[in-house]
Amino acid sequence: MIAANQPLQRPPDAKLLVVGAGGGIRHAPRASFVEHLRAGDVVIANDAATLPASLPGFHARTGEPVEVRLAGRPSLRPEDVGHFSAVVFGAGDYRTRTEDRPAPPQIRAGDRLVLGPLGATVERVLSHPRLVSLRFDGGPDEVWAGLARHGRPIQYAHVTAPLALWDVWTRIAGPPVAFEPPSAGFALDWHALAAMRGRGAEFATITHAAGISSTGDEELDRLLPFDEPYRIPEATAAAVRRAKSCGGRVIAVGTTVVRALEHAAGGDGTVRACEGVATQRLGPASRLRVVDAILSGTHEPGTSHYELLRAFLDDATLRRTIEELDARGYRTHEFGDSVLIERVPGV
Amino acid sequence: MTIPTDFSSNNTGAADVFRGLRVAITGGTSGLGLALVRELLGRGARVAFVARTRERVEQVARENAGAHGIVGDVSAKEDIYPVALQVTGELGGLDVLVNNASDLGPVPLAMLSDTECEDLERAFATNVLGPFRLTKALMGALAASAREGRGAVVLNISSDAAVNAYPGWGAYGASKAALHHLSRVWGEEHAADGVRFLSLDPGDMDTPMHAAAVPDADPSTLKRPEEAARELAAAVAAALGRRGALMTAQAAASSNSKEGSQEGATL
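Chains A and B supply the protein sequences, listed in that same order.
For the first sequence, position 228 matches number 228 in our numbering, and the numbering has no gaps at all.
For the second sequence, position 58 matches number 58 in our numbering, and the numbering has no gaps at all.
The hints are simulated quantities; they were obtained by calculation from the structure and are not laboratory data.
Please note that a few of the clues may not be correct.
Over the 10 Å line for every Cβ pair with chain B, so calculated as not near, a few chain A residues [what the hints assert, rightly or not]:
1. 81
2. 222
3. 236
4. 286
5. 345
Covered stretches of chain B (chain A as the covering partner; in silico rule of three or more C-beta atoms under 8 Å from a C-beta of chain A) [stated by the list, open to error]:
6. 33-41
7. 226-233
The beta-carbon is built from N, C-alpha and C at its ideal position, and this holds for glycine as well.
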């Protein structure tokens, strides 16, 4: 697929590939997404705003430049911004493809990182030499101020213009807890939410700390997605119950919503309001208990997002879907086109 | 429509309406903004305030335990998302936004034909574009609060100069008129999302801004900002209490707009 290289959340020509429950494939303008909803459906999106999680700076012991990409935190609590897990890159920035980036200097526990106005101590090196847990100096307000002043959105080489927060915050963005944008939500705007109401469909949100999608390092990428804290409000749990009781569909906007709802689901598919940490990986062997359909970006084989789509579709239908996406010039990555996939019964 | 008890009782036992609510106030280090910071902190809200001068922000944060100080200039486009990030980051979301930071335009006040373009631009950047951008950036957080049943209110500080043609107040009045109209349209567009908009005139207050506009005014004839802050808090409490009901507050547009905040409280 072609990489979408312009930071436009809702380009007027955005496309939507629709896979119905029978496995049939249709093409539509993405702006018409809401027309695929029915009364009683509930659309659930991730309302996380995106942190400026890319922090350039240097490694104090060696004086070498580094880029720290924050990648995880223990909870969503506002004051819980002292500790993060992070992936450390060597010199350079997003304009170099991650797989071509030089390695950072060897990092040890106790090393200091100077990241603009922020100072941090490496507490531990985790399961990979470039994956560390770090602790910021200062209290929560100082950390937030430092991130606001110095951080940039995590970015990849396929988008050449430097991204600002306004490029990556969805229209519905609330708590800033995502490390990369929950980009399936780029498709939504306030007009679409009003149109949903007009069709008798509900809109609800969860908050999920969407993690980083790629590190450029095969070993590290195999560890993705990292554990991601999430929160499901009572209003959303109630909306799921209403949809289930009236035969409506639960339509997740993005893979993070699937991950959170399915993690929180009881064996009988009920969802309770809760805070949790999604640790599971979804794939062909996963049985979805809550989510009936997904609005998602287009994903290429080999990514964890693609594996998650295998929980919705049999491999033959998914192969046809990918062929169609390629043949029809769909664009991929965070600013790309979308798919709306209804779970094929029995998958 | 049901009227929750916290609405009917908001003039007496209303402290609990704000308890734990997350409130952001721009222009929070002087005048009405500072009075609002203190009033809402005193009523148990979690408050973040925004102002331009680091020293003042740090001082107000020190003097008002629990308040989160944010350094930023709402008239600067580049400052808006960093401010929104800190507001939602430090509070974990947002229930009430008060767009209070205001710019008078030319000081001393000047007839429009004597007003420098830059002074008019600054007034519009602070009084119209700033609230437009910040409200837009925070709308997701506000709507999330409304979905969860906490209610969500945007209070835009208006002025009788938004409706009356006072000579010398052209830049300020025109910008406040624009903000008032934004409030009305926002209110219509987001009623179904549960986000209420108030556009209220606090009256002529004994504040640094009023002193800059009317240096020889007798302070004893002016309202105390603390009093205006109490009235505005009551109006916000009423709007929060009326979540689920359609509410269009047009206090500043009414002919007797000096009573704006009281009118908002009893709409």
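Item checked: Non-interface label on residue 81 of chain A, tested against every C-beta of chain B at 10 Å -> Nearest chain B Cβ is 7 Å from residue 81 of chain A, so the label is violated.
Note to self: Does residue 286 of chain A clear chain B by more than 10 Å, comparing its Cβ with all Cβ atoms of that chain?
What the structure shows: Since the minimum Cβ distance to chain B is about 28 Å, residue 286 of chain A lies beyond 10 Å and the statement holds.
Next item on the list: Establish whether the coverage given for the region 33-41 of chain B by chain A is satisfied; the threshold is a Cβ-Cβ distance below 8 Å, and no fewer than three residues must meet it.
Entry: Result for this restraint: violated, n = 0.
Check: Do three or more residues from the region 226-233 of chain B put their C-beta atoms closer than 8 Å to C-beta atoms of chain A?
Finding: violated (count 0)
Notebook entry, point to check: Taking the closest pair, is the beta carbon of residue 222 of chain A still more than 10 Å from chain B?
Noted result: 31 Å, holds
Checklist line | Outside-interface status for residue 345 of chain A - nearest CB in chain B farther than 10 Å | finding: At about 31 Å from chain B, residue 345 of chain A clears the 10 Å cut-off, so the statement holds.
Note to self: If we take the beta carbon of residue 236 of chain A, is the closest beta carbon in chain B still more than 10 Å away?
What the structure shows: The claim breaks: residue 236 of chain A does not keep its Cβ more than 10 Å from every Cβ of chain B (closest is about 8 Å).
Checked against the numbered hints given earlier, this structure breaks hints 1, 3, 6 and 7; the rest are met.
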